[in-house]
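J.: Here are the chains, one letter per residue:
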Amino acid sequence: MMTPLTELQRDALQELMNISMGQAANALARLIDAKISLSIPKIVVVDASEFQQMFQSERYWFTRQSFLGSVKGEVLTLLARAGTETIGGLLDYPLPLDARSNEELLLELANILAGACLHGFSSQLGLPAKLSMPTMFSARQRDSDSFNWASTLLLEVEFQLEGTAFDSRIVICLAGPSVGVLLQQLNALLES
Amino acid sequence: MEIADLHLQLNNRLPLGICVLDADYRVLYWNDFFSDRSGLALADVLGQSLLGLFPQQARYLKKKIDSVLVLNNASFSYWQHQPHIFPFCSSRPITGEETLMYQNIEFLPVECQDATVRSVCLVLQDVTELASYFFAEQQVSARLEQEHSELKALNEKLTMAQHQLLQSEKMAAIGQLAAGVAHEINNPIGFISSNLQTLQDYAVRLLKLTEFYAKVINKAGNETFLAMQRDMQQRLQFDFVRQDLPELLSESIDGIERVSEIVKNLKAFSHVDNAQWQYASLVDGLENTLKIAANQLKYKVEIQRDYAADLPQVYCQPNQINQVFLNLLVNAAQAMDHKGHLYLRAWQQDQSVCIEVRDTGSGIAPEHLSHLFEPFFTTKPVGSGTGLGLSLSYSIIKKHQGDILVRSEPGQGASFTLVLPLQGPDSAG
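Chains as they are written, first to last, in the working numbering: chain G, 1 to 192; chain Y, 1001 to 1429.
No lab work stands behind these hints, which were simulated from the structure alone. Check the hints yourself; a few may be wrong.
[What the hints assert, rightly or not] Calculated cross-link-like contacts (lysine-lysine; reagent style DSS-like; alpha-carbon spacing at most 30 Å):
1. Lys1399(Y) x Lys1380(Y)
2. Lys1264(Y) x Lys1208(Y)
3. Lys1398(Y) x Lys1264(Y)
4. Lys1291(Y) x Lys1152(Y)
5. Lys1063(Y) x Lys35(G)
6. Lys72(G) x Lys130(G)
7. Lys130(G) x Lys1152(Y)
8. Lys42(G) x Lys72(G)
9. Lys1264(Y) x Lys1399(Y)
10. Lys35(G) x Lys1062(Y)
11. Lys1380(Y) x Lys1152(Y)
12. Lys130(G) x Lys1063(Y)
[As the list claims (entries may be wrong)] A short list of chain G residues far from chain Y (calculated; beta carbon distances all over 12 Å):
13. Thr6
14. Arg10
15. Met54
16. Thr84
17. Leu127
18. Ser132
19. Pro177
20. Leu189
Note that this is a predicted model, so its numbers are computed, not measured. Every residue gets a Cβ at the ideal spot worked out from N, C-alpha and C, and that includes glycine.
Just chain G, same shape as in the assembly:
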């Protein structure tokens, strides 16, 4: 299914996301005391197999967490396997990381990034949503058919920690009915 957004709506959403991501990056930079750069948010239209392709990479760890509220969906986070030690150090983890503390770090990081993105997104649009606990995600074995794909909208942001090999991508997937809610809200904002 193609994106249901018009050009205008897309631009507006992208701009809103950009502002909120900037705020998120700032907050994060304050917390870990490091410079963070981020990409311009992308509103992506990909087909199911491309979507699945995202989770085939050996370069990333994957986490997922759902959110509930006036909009529903899941946030998927891709975290680079390289550079986690640096982040661990910044976040006050005992180094070197073992498997357990590595997973703890990844989940915390995913939660911070996803939380920042979603928070920005929902506060800009006035669509409150609450994130649940993130969990590790392995989509490797999963068939693209098994994703409830037909009506999801992807908002994608890339974070990069300057001076490290670490980068991450946050993908907010909206479930079908929530896309409608988002559009309504966007239109209201555009009209005002």
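Place chain Y on chain G using the hints.
T.: Positioned in the frame of chain G, the structure of chain Y alone reads:
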């Protein structure tokens, strides 16, 4: 009922720990869950720093709470990573296997009206049951994994054993066939050999007779007869025949003797043969076996012998002992790739005779030494060895109440020493 009262009651009824802190980590509220588990009533902790109340985890709690305050974003603590943040006892004090409670904690920002975070709410969930279920599952799966790998190893062993069993059955069949053939050949060889002896005797007589005739004709001096004789002898090349005939015969007799020797050896080494106990010289046995194994050893292997003089005879089953010698010699030959030195030594030691077979071959890997005498253990490719040779040897030597000793270092060759009591099994202590 007032809605506030309802909330309060719910707070204390829910199976969750709820604790609210201000931005300086001071306790603003905690519910019955926390008071029950910690033994501290709300009144006792009100206004106190949570970090001070639980100093063990202060650093971790501070980090989590700070993150919530700064980011205005919920934070989570998982039982898998940090199982016991608060030192609470297990929810199953009687029947449970665990003593401390496993906890999942959510750190939630509580927003005030101007959207800044002034306080943090901790929601603690007791997941001890889940955790112990998870651990049990993990144990089961570990056990399954282990059993699976054991089964797999067993399977491989079985397949290998089957291969080798087939191989050894084949070898046994060949052995029986050889014994049968040897038996069948033995008969004709017997009469060929005795006929050849008789023929040799007859040939000598015939040659004598022709000599006699020649002498008679010479004596008679009749020129015509003399000429006829010369003519005939020339036409039949009699001079050559007279010379060649005895040689041919003795060569044939020699050949047939060798054939019968081989047949005798084959019979001696086939399993059909009975194993008799008798006094025998081990050195003779070793030498006889060397002849059998000559095919494997000849050309490239130099044999050095060092036998003590006047070795006593040993009460044993010579055929079986020869079988052991054969195994050792063939193994040595194969270890040396049929090229190298073979040292054979024999000496007496107290009431035993020792035989050492030492080669300069590839040696035995240390990890193989302990398996050497196990049935079906072999390092030779399938088809070359049955894996039975040394285990058979071992059982034979043990039956004699003797000993078989191995010394080897990889690349340095291997040495096998047999120790056999002089008086056989009954004498050994």
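J.: Take the hints in turn and mark each one as holding or not.
T.: Verification of the supplied hints:
Taking the CA atoms of Lys1399(Y) and Lys1380(Y), the gap is near 27 Å; set against the 30 Å cutoff, the hint holds. At most 30 Å may separate the alpha-carbon atoms for a hinted pair to count; Lys1264(Y) and Lys1208(Y) exceed this at roughly 36 Å. The hinted pair formed by Lys1398(Y) and Lys1264(Y) meets the criterion: a straight-line CA distance of about 27 Å does not exceed 30 Å. Between Lys1291(Y) and Lys1152(Y) the CA atoms are separated by roughly 44 Å; this puts the pair beyond 30 Å, and the hint is violated.
Distance check on the hinted pair: Lys1063(Y) and Lys35(G) sit about 20 Å apart at the alpha-carbon level, within 30 Å; holds. Restraint check: the Cα-Cα separation between Lys72(G) and Lys130(G) comes to about 9 Å, which is no more than 30 Å; the hinted pair holds. Of the pairs offered as hints, the one joining Lys130(G) and Lys1152(Y) is violated, with about 49 Å between alpha carbons and a cut-off of 30 Å exceeded. A threshold of 30 Å between alpha carbons decides the hint, and for Lys42(G) with Lys72(G) the separation of about 19 Å falls inside it, so the pair holds.
The suggested pairing of Lys1264(Y) with Lys1399(Y) holds, with an alpha-carbon distance near 25 Å, which does not exceed 30 Å. For the suggested pair Lys35(G) and Lys1062(Y), the alpha carbons sit about 23 Å apart, so the restraint of at most 30 Å is met. Note on Lys1380(Y) and Lys1152(Y): the hinted pairing holds, with a Cα-Cα distance of about 22 Å set against a maximum of 30 Å. Using a Cα cut-off of 30 Å, the hinted pair Lys130(G) and Lys1063(Y) holds, with the two alpha carbons roughly 21 Å apart.
Listed as outside the interface, Thr6(G) is consistent with that label: its C-beta sits roughly 31 Å from the nearest C-beta of chain Y, beyond the 12 Å cut-off. Its beta-carbon lying about 26 Å from the closest one in chain Y, Arg10(G) satisfies the requirement of being farther than 12 Å from that chain. Chain Y leaves Met54(G) outside its interface by the beta-carbon criterion, the shortest separation being 24 Å against a cut-off of 12 Å. At roughly 15 Å from the closest C-beta of chain Y, the C-beta of Thr84(G) stays outside 12 Å, upholding its exclusion from the interface.
In this structure Leu127(G) is separated from chain Y by more than 12 Å, as the shortest Cβ-Cβ distance comes to about 15 Å. A beta-carbon of chain Y comes within 12 Å of the beta-carbon of Ser132(G); the shortest separation is about 9 Å. Chain Y leaves Pro177(G) outside its interface by the beta-carbon criterion, the shortest separation being 24 Å against a cut-off of 12 Å. The non-interface label for Leu189(G) is consistent with chain Y: the shortest C-beta to C-beta separation is roughly 19 Å, beyond 12 Å.
In summary, the structure is inconsistent with hints 2, 4, 7, 18 from the numbered list given earlier, while agreeing with the others.
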